[in-house]
Amino acid sequence: MDTLSNSLAAADMAHTLHPNTNLRAHEAQGPMVIARGEGIRVWDDKGKEYIEGLAGLWSVGA
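Quick note: the sequence shown uses my numbering, first residue 4, plus one each step.
Read the hints as simulated data drawn from the structure, not as lab findings.
Glycine residues also receive a C-beta, built at the ideal position from the N, C-alpha and C atoms.
Honestly, I wouldn't trust all of these hints.
[Said to hold, decoys possible] Simulated restraints, written as ranges between beta carbons of each label pair:
1. T24 - E55: 14 to 24 Å
2. A17 - G42: 26 to 36 Å
3. L11 - E52: 31 to 41 Å
4. A17 - G59: 29 to 39 Å
5. G56 - H21: 11 to 21 Å
6. P22 - A58: 29 to 39 Å
7. G59 - R27: 17 to 27 Å
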């Protein structure tokens with residue numbers, strides 16, 4: 004992973020505990036930082052595009 008000083012990734016690794024994350028892999032690979040989104044698509048801080056599919060699970064119109 005690139006240098007993490009003064010970045011959101013560095014702050015995440017130093018101060019956030021992710022309870023459902025393999026912490027050894029998280030430390031080795033670093034976190035995924037979502038930089039932007041448009042509709043169903045999101046991009047990480049490295050520019051890789053993903054289709055976001057989980058946010059709708061918590062949208063309830065009841």
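Status of the hints after comparison with the structure:
| no. | hint | in the structure |
| --- | --- | --- |
| 1 | T24 - E55: 14 to 24 Å | 18 Å, holds |
| 2 | A17 - G42: 26 to 36 Å | 32 Å, holds |
| 3 | L11 - E52: 31 to 41 Å | 19 Å, violated |
| 4 | A17 - G59: 29 to 39 Å | 31 Å, holds |
| 5 | G56 - H21: 11 to 21 Å | 19 Å, holds |
| 6 | P22 - A58: 29 to 39 Å | 19 Å, violated |
| 7 | G59 - R27: 17 to 27 Å | 31 Å, violated |
In this structure, the earlier hints numbered 3, 6, 7 are contradicted, and the remaining ones agree with it.
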